[in-house]
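Novice: Using the sequences plus the hints, can you model the full thing?
Just so we're aligned: 383 in the working numbering is position 392 of the sequence shown, and the numbers increase by one with no gaps anywhere.
Please note: incorrect hints may appear among the correct ones.
Mimicking PhoX-like on lysine-lysine, the simulated pairs with C-alpha atoms at most 25 Å apart in a straight line are [unchecked claim]:
| # | residue 1 | residue 2 |
| --- | --- | --- |
| 1 | 402 | 257 |
| 2 | 217 | 135 |
| 3 | 188 | 215 |
| 4 | 26 | 15 |
| 5 | 395 | 100 |
| 6 | 262 | 395 |
| 7 | 192 | 222 |
| 8 | 262 | 335 |
| 9 | 275 | 108 |
| 10 | 97 | 348 |
| 11 | 335 | 286 |
| 12 | 402 | 267 |
| 13 | 275 | 286 |
| 14 | 335 | 267 |
| 15 | -7 | 97 |
| 16 | 215 | 153 |
Hints in this document: simulated from the structure, not taken from any laboratory.
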Amino acid sequence: MKEIKMEMKGKEWSSLLEHVYEHKKSSIEVKGFRKGQVPFDVYVKQVGLESLFMDAVDHALPELYDKMLEENKDLTPACRPSVNVKSIDKNHVEVVFGITEKPEVKLGKYKDLKVKKDVAEVTDEEIEHELSHLREQFIELKDKDTEVAMGDQAIIDFEGFKDGVAFNGGKGENYPLVIGSNSFIPGFEEAIIGMKKGEEKDIDLTFPENYHAEELKGQKVTFKVKVNEIKERLLPEYNEEFFKDLAMEGVNDETSLREEIKNHIKTHKEKEIEDKYTEECLTKMSENAKIDVPKEMIDEEIDRITDEFSQRLQYQGMNIDTYINMLGMTKEAFKDNFKPEAEKRVRYRLCIEEVVKQENIKIEDKELDDYTKEMADRYQVKEEELVEQIGGRDFLKYDLEVRKALEIITK
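Specialist: Written out as structure tokens, the structure reads:
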């Protein structure tokens, strides 16, 4: 950790204070003046220049940090710096950046790592499973007047009782239950087989010992069930109408459909195998390397993983603080769970960057231009938008360097 002092003073600092004021003045009210019309000197006299200091510091920090890097070209920051405002007044601001330098990486073996890569194979059973799942999407339901049989859909009313008292979550009306789907506890669906439309029945069962609701584990209960309707589930035939509904290019008979399904499964498996192989190569390379990873780098990566997790929760409509409270944990304890993954990611990244250095990997301008265009086309945005959103061409350049290093590591 290095501590470096940086200062902004004189005209540069006073101009920044005035700049901050210009941004804030539309919301400032001072007696005797209209909102947003208070002159700077009047504001300073009545409210105080100190009220602008912290916003001004926020504006000054990026400039001071860039200047610090310019003046210390041999510095290699590993993560975001700590910042300590040492002194501040109307004439200057002095801050101390705490810089964690990138650690030395001593690579061991990183080529020809002898990691075994699996081969993607697709079984007939896997094809049949996917085929059945696909046909299920086009299933036809036909009213049935006879008894409930395996595979039928029974529309039922039900209510569960324990010791004669209805329990929570044990009631449903006009529930569409596919017999054989194993949606209910063992014995429930089997007991409905043979029932007729309009028939009522009491079913005595015992909840499994591993049931998720604590109060029902291993408990004897009675379900009162009534069958309202019975529907036979008819799978589609392999005919012209079925293949037309599928709307899959090049698929017009059972043979071509099976081949399409086989290729889909194989592509998915190949991706999984490639990801697993890359992970194992990186693990082996990391184990062969000697790195003293700074705590600050791990902490920053933990924060990054936590942010990723928070974003996924937001997509599901949940706040991370609510989620952590549901787990009965503190935020610090929750984040500690990510420490092994964070340390692994940091070690991988440091090793890959060292491979880039050792292999003298360089990205030519044309190569970067072509890659930028490829990525923009993939995400269907303009190249300028992509570069802006991703944070600059240097990020794309870094990504290309990493890709080239991975090709060497996994070769």
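Novice: Look at each hint and say if it fits the structure.
Specialist: Evaluation of the provided hints:
Taken as a hint, the residue 402 and residue 257 pair is honoured in the structure, with Cα atoms around 22 Å apart against an allowance of 25 Å. Restraint check for residue 217 and residue 135: satisfied, since their Cα atoms lie roughly 16 Å apart, inside the 25 Å limit. For the hint pairing residue 188 with residue 215, the CA-to-CA distance comes to about 15 Å; that is within 25 Å, so the pair holds. With a C-alpha separation of about 11 Å, the suggested pairing of residue 26 with residue 15 holds against the 25 Å cut-off.
Restraint check for residue 395 and residue 100: satisfied, since their Cα atoms lie roughly 17 Å apart, inside the 25 Å limit. The straight-line distance between the Cα atoms of residue 262 and residue 395 is roughly 19 Å, inside the 25 Å bound, and the hint therefore holds. The hinted pair formed by residue 192 and residue 222 meets the criterion: a straight-line CA distance of about 19 Å does not exceed 25 Å. Of the pairs offered as hints, the one joining residue 262 and residue 335 holds, with about 22 Å between alpha carbons and a cut-off of 25 Å not exceeded.
Distance hint between residue 275 and residue 108 is fulfilled; the C-alpha atoms sit about 14 Å from each other, no more than 25 Å. Restraint check for residue 97 and residue 348: satisfied, since their Cα atoms lie roughly 12 Å apart, inside the 25 Å limit. Under the criterion of a C-alpha separation no larger than 25 Å, the hint pairing residue 335 with residue 286 is consistent with the structure, at around 13 Å. Annotation: proposed proximity of residue 402 to residue 267 holds, straight-line Cα distance about 14 Å (limit 25 Å).
A C-alpha spacing of about 22 Å is found between residue 275 and residue 286, which places the hinted pair at or below 25 Å, so the restraint holds. For the suggested pair residue 335 and residue 267, the alpha carbons sit about 15 Å apart, so the restraint of at most 25 Å is met. Restraint check for residue -7 and residue 97: the C-alpha separation of about 22 Å stays at or below 25 Å, so the hint holds. Simply put, residue 215 and residue 153 have alpha-carbon atoms about 11 Å apart, close enough for the 25 Å limit, and the pair holds.
Of the hints listed earlier, there is not a single one the structure fails to meet.
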